[in-house]
Amino acid sequence: MQAMDPSQIQLNQEGRLKHFLTTEGLSKEILTEIIDTANSFISTQERSVKTVPLLRGKTVVNLFFENSTRTRSTFELAAKRLSANILNLDIARSATSKGETLMDTLWNLESMYSDMFVVRHADSGAAHFIAEHITPNVAVINAGDGRHAHPTQAMLDMLTIYREKGGFENISVAIVGDILHSRVARSQVYALKTLGCNDVRVIGPNTLIPKDNESVGVRAFNNMKQGLKGVNVVIMLRLQKERMQNALLPSESEYYRLYGLTTESLAYAEPDAIVMHPGPINRGVEIESAVADGPQSVILKQVSNGIPMRMAVMAMAMGGQNQEQTLSEQEEAK
Amino acid sequence: MALPQPKQLIEKMAKDLASYVQDENDIVMVGIHTGGAWIAKQLHENLNIKSELGLLDISFYRDDFSQNGLHPSVKDSQLPDIENKTIILVDDVIMSGRTIRAAMNELFDYGRPEKIILACLLDVGHRELPIQADVVGEKLDCPLTQRIKLSGPEDLTLSIVTLEK
Amino acid sequence: MQVQPQHTLHIKNGHVIDPANNLDGIMDVFIENDAIVALGESPVGFQAECTIDATGKTIFPGFIDLSSFLAEPGFSQRGSIAHETHAAAQSGFTTLCCTPNTKPVIDSAAVAALIQEKAQKAGYCRVLPLGALTANLEGEQLSNMSSLKEAGCVALSQTELPFKDGHVIKQCYHYAAGFNISAWVTPIDPALAHGGCMHEGPASTQMGLAGVPVSAETSALAQHLILCEETGVKLHVSRISSARALQMILDAQQQGLPVTADVAIGNLVFTDEDCRGYNSLMHVSPVYRSESDRQALLSAVNDGHIAICSNHVPQGHAAKMAPFAASETGIASLDNFTQVLLSLVEKGELTLQSAVKAVTQLPASILKKKLGSIAIEGKADLCIIDLNQSATVTVDTLQSKGANNPWVGQTFKGKVTHTINAGHIVYQA
Numbered sequence: 094m095q096a097m098d099p100s101q102i103q104l105n106q107e108g109r110l111k112h113f114l115t116t117e118g119l120s121k122e123i124l125t126e127i128i129d130t131a132n133s134f135i136s137t138q139e140r141s142v143k144t145v146p147l148l149r150g151k152t153v154v155n156l157f158f159e160n161s162t163r164t165r166s167t168f169e170l171a172a173k174r175l176s177a178n179i180l181n182l183d184i185a186r187s188a189t190s191k192g193e194t195l196m197d198t199l200w201n202l203e204s205m206y207s208d209m210f211v212v213r214h215a216d217s218g219a220a221h222f223i224a225e226h227i228t229p230n231v232a233v234i235n236a237g238d239g240r241h242a243h244p245t246q247a248m249l250d251m252l253t254i255y256r257e258k259g260g261f262e263n264i265s266v267a268i269v270g271d272i273l274h275s276r277v278a279r280s281q282v283y284a285l286k287t288l289g290c291n292d293v294r295v296i297g298p299n300t301l302i303p304k305d306n307e308s309v310g311v312r313a314f315n316n317m318k319q320g321l322k323g324v325n326v327v328i329m330l331r332l333q334k335e336r337m338q339n340a341l342l343p344s345e346s347e348y349y350r351l352y353g354l355t356t357e358s359l360a361y362a363e364p365d366a367i368v369m370h371p372g373p374i375n376r377g378v379e380i381e382s383a384v385a386d387g388p389q390s391v392i393l394k395q396v397s398n399g400i401p402m403r404m405a406v407m408a409m410a411m412g413g414q415n416q417e418q419t420l421s422e423q424e425e426a427k
Numbered sequence: 495m496a497l498p499q500p501k502q503l504i505e506k507m508a509k510d511l512a513s514y515v516q517d518e519n520d521i522v523m524v525g526i527h528t529g530g531a532w533i534a535k536q537l538h539e540n541l542n543i544k545s546e547l548g549l550l551d552i553s554f555y556r557d558d559f560s561q562n563g564l565h566p567s568v569k570d571s572q573l574p575d576i577e578n579k580t581i582i583l584v585d586d587v588i589m590s591g592r593t594i595r596a597a598m599n600e601l602f603d604y605g606r607p608e609k610i611i612l613a614c615l616l617d618v619g620h621r622e623l624p625i626q627a628d629v630v631g632e633k634l635d636c637p638l639t640q641r642i643k644l645s646g647p648e649d650l651t652l653s654i655v656t657l658e659k
Numbered sequence: 004m005q006v007q008p009q010h011t012l013h014i015k016n017g018h019v020i021d022p023a024n025n026l027d028g029i030m031d032v033f034i035e036n037d038a039i040v041a042l043g044e045s046p047v048g049f050q051a052e053c054t055i056d057a058t059g060k061t062i063f064p065g066f067i068d069l070s071s072f073l074a075e076p077g078f079s080q081r082g083s084i085a086h087e088t089h090a091a092a093q094s095g096f097t098t099l100c101c102t103p104n105t106k107p108v109i110d111s112a113a114v115a116a117l118i119q120e121k122a123q124k125a126g127y128c129r130v131l132p133l134g135a136l137t138a139n140l141e142g143e144q145l146s147n148m149s150s151l152k153e154a155g156c157v158a159l160s161q162t163e164l165p166f167k168d169g170h171v172i173k174q175c176y177h178y179a180a181g182f183n184i185s186a187w188v189t190p191i192d193p194a195l196a197h198g199g200c201m202h203e204g205p206a207s208t209q210m211g212l213a214g215v216p217v218s219a220e221t222s223a224l225a226q227h228l229i230l231c232e233e234t235g236v237k238l239h240v241s242r243i244s245s246a247r248a249l250q251m252i253l254d255a256q257q258q259g260l261p262v263t264a265d266v267a268i269g270n271l272v273f274t275d276e277d278c279r280g281y282n283s284l285m286h287v288s289p290v291y292r293s294e295s296d297r298q299a300l301l302s303a304v305n306d307g308h309i310a311i312c313s314n315h316v317p318q319g320h321a322a323k324m325a326p327f328a329a330s331e332t333g334i335a336s337l338d339n340f341t342q343v344l345l346s347l348v349e350k351g352e353l354t355l356q357s358a359v360k361a362v363t364q365l366p367a368s369i370l371k372k373k374l375g376s377i378a379i380e381g382k383a384d385l386c387i388i389d390l391n392q393s394a395t396v397t398v399d400t401l402q403s404k405g406a407n408n409p410w411v412g413q414t415f416k417g418k419v420t421h422t423i424n425a426g427h428i429v430y431q432a
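Protein chains in written order, with this note's numbering: chain A, 94 to 427; chain B, 495 to 659; chain C, 4 to 432.
Bear in mind the hints are in silico, worked out from the structure with no lab data behind them.
Incorrect hints may have been included.
To be verified - These stretches of chain A come out as covered by chain B in the derived footprint (C-beta under 8 Å, 3 or more residues):
id, segment
1, 122-130
2, 144-150
3, 402-413
Said to hold, decoys possible - Short, incomplete list of chain A residues facing chain C, as computed with Cβ under 8 Å:
id, residue
4, R240
5, A242
6, P303
Computed from a prediction, not measured in an experiment: that's the story for all the values here.
Glycine included, each C-beta is placed from N, C-alpha and C at the ideal position.
From just these sequences and the hints, can you work out the full model?
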């Protein structure tokens, strides 16, 4: 039972996306295609009829094992704007809490003939597990698995950077905060490197930076002043309060003093630097209100880019599944 | 089969469209990516249309998504306001008519046009839907095994491509 | 009147290899009842009741497994003594030490006796139970060590479960030493392990999985070694995983501490890179570490310092059908143990002599039993292997109840054709 690499399982025999599980291992061509497709969806969101008929007749199921109203509703809206039927399964409150295994939950859902699952789960590798064991022709979109990946968030961040900065090759990007526990950071790093960014940095205390950061090609800094020098894109990560309890950080105030993005610390970066945050933001914990609401912040643009990006990956994945099905039917007919 | 020169065909189309443009005030020209857009740019200049040129990508409205998935190079659609306007919809080659159907469906999601006039560089027959162009550069007989391709954006030229089995 | 032997066996023309007695050549083996009575020349008046033609095959001492979970009593969905010992016999094992983490735990003479009875009844493999070092394996109170020893437990183990604190460890060792009982542990500091499910390294970082740092093993090991020195208990470190821990043990042995160690076969074959793709069959305890750790462990086997155990932990089908960290740990390794061991020899990673020594002579000396060798008047525990025969692992060839064998579908060279336990043929291919 040799499990397939998550990045390979995402592509059909023509190399088209059929699941979206992780940014790791996807080629620059595919990542660029995702950004271009999302860009095209942006214009559809600006007109009065915001829907397109691509997923008409398809059923998309939101399988959220972890609570998240924001991400879930973004996916719901994206699905509706693709003309799909959407079903929200609040798993946290249903069978799984009664001890039903993930496998059994999946088998029960398969009988509902869905076309796509959007999955958020606390276990790293959960979306990959589902994609491996689900019936063929059902697309799986990873809405966040444990500490491993949050590829749609990373791609909407890439889209935002692309629209603000025009490209990835000549920019310097710094990700600040709890990298160790962040699935968003991991997905962002892979995307940035593949898209051609040569200077990706992580800034935080040693306890929040994974030991093997060099193995993914990023430079680590413990100091904001040094870390932000020459940086054009500052991505702030949310600091969870639990980190104080698990002997990872002394206090919120020390963290804010050293790593909070304030008007003063933002000045260490390039004057044209943009400020990003995957949200939800903790004002006064990792970011100063003045900066979050300030002229360099593109946080609200990130939010509005969320729906077109999710529409893009859902359309591409559904398309890849359709194509695969057609090709295998043609093979059988021969 | 000898292929015509696009430059001459565009001149002819401009002449034929002149009457439509003269009679109406609220004209918007919309070119369908990619070939239609190239032609529309030239026509737009030629006819001196005041409103901004609209560009339409129909990838999200194609009827073959279930078979072939999403087209790899989706371009941006940019349209000015089309509410109550007369649209001159421009494409390079009309064959089955499906592209035009998709374009019209998409246009109606942007607003309600007063009227749509279809102008195509070439009409190669083999309709699968009841759709006809109002202005045509030239009618050609093209066997089903071949397609006619327009290359651009500068020095527009036509070529024949034989389909692989 | 001469007493007639109840049972005689003649193995003809096999190539005998026994590192313990430096045997390496073609010779006949003559068995009466449960003992080897002659090697080479037939004893006078020997009448073979049964003959095995071992031409072209190799004869080794029956293998000894220092760690297998037999799942009985208490875990019938995962395995049973009959099934698992059958799998062991299929790999040429004649003696097996079962871990105490059954339900109930082997912390009473009754359970120890039950297991030995069931094993005897199944008749595939001799089972020497490892009793629990602490009551119910909870790591807080001493177990009934002396009665467990009397009931047949060959040593007492805490497996990888934690102790409440250093004081409990010291008291366990002190008490055990007084009865000459050997203490077995798999050292791991749960706080440093911090819920990790694989080796802490680049792979775990990229996969977003919590890792078990090497320091979780070495810092716990340091404490055990110091307390071993202080109490004089015979300490066996079961299933080490890192090069660093290995070095600490070798240094301790140099200093004259009574400490021995073994490594699981899986840790000689797999590394943390094999976890990529979230293959839950690679979710094991102790974890598979880096390639340099694996190389260090292989060297230690080649140098004759550590034994090899199967670390067989059968699981039911659903146990591995979950995302990596949520799946249960363990692989079912008994069925293919020997094929995998021989593949390491084939690849040149182990010499045949050291591989065999690690599963015969070394375990025997750790257990202080007269087993694991081929000698006149010694126990007739043997396995006959055709080193050239290939076999593919399919679900039908598996005897264990476990659904977590990571080698299904693979083809290996080297097949056990016979396993002889105390003179009786308990397995024949």
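Quick rundown of the hints versus the structure:
1. 122-130: holds (count 3)
2. 144-150: holds (count 4)
3. 402-413: It holds: at least three residues are needed, and the segment 402-413 of chain A offers 5 whose Cβ sits within less than 8 Å of chain B.
4. R240: Since the shortest Cβ distance to chain C is 4 Å, the answer is holds.
5. A242: Constraint on A242 (chain A) satisfied, holds at 7 Å.
6. P303: It holds, given that the least Cβ distance between P303 (chain A) and chain C is near 4 Å, below 8 Å.
In the structure shown, no violation is registered for any of the earlier numbered hints.
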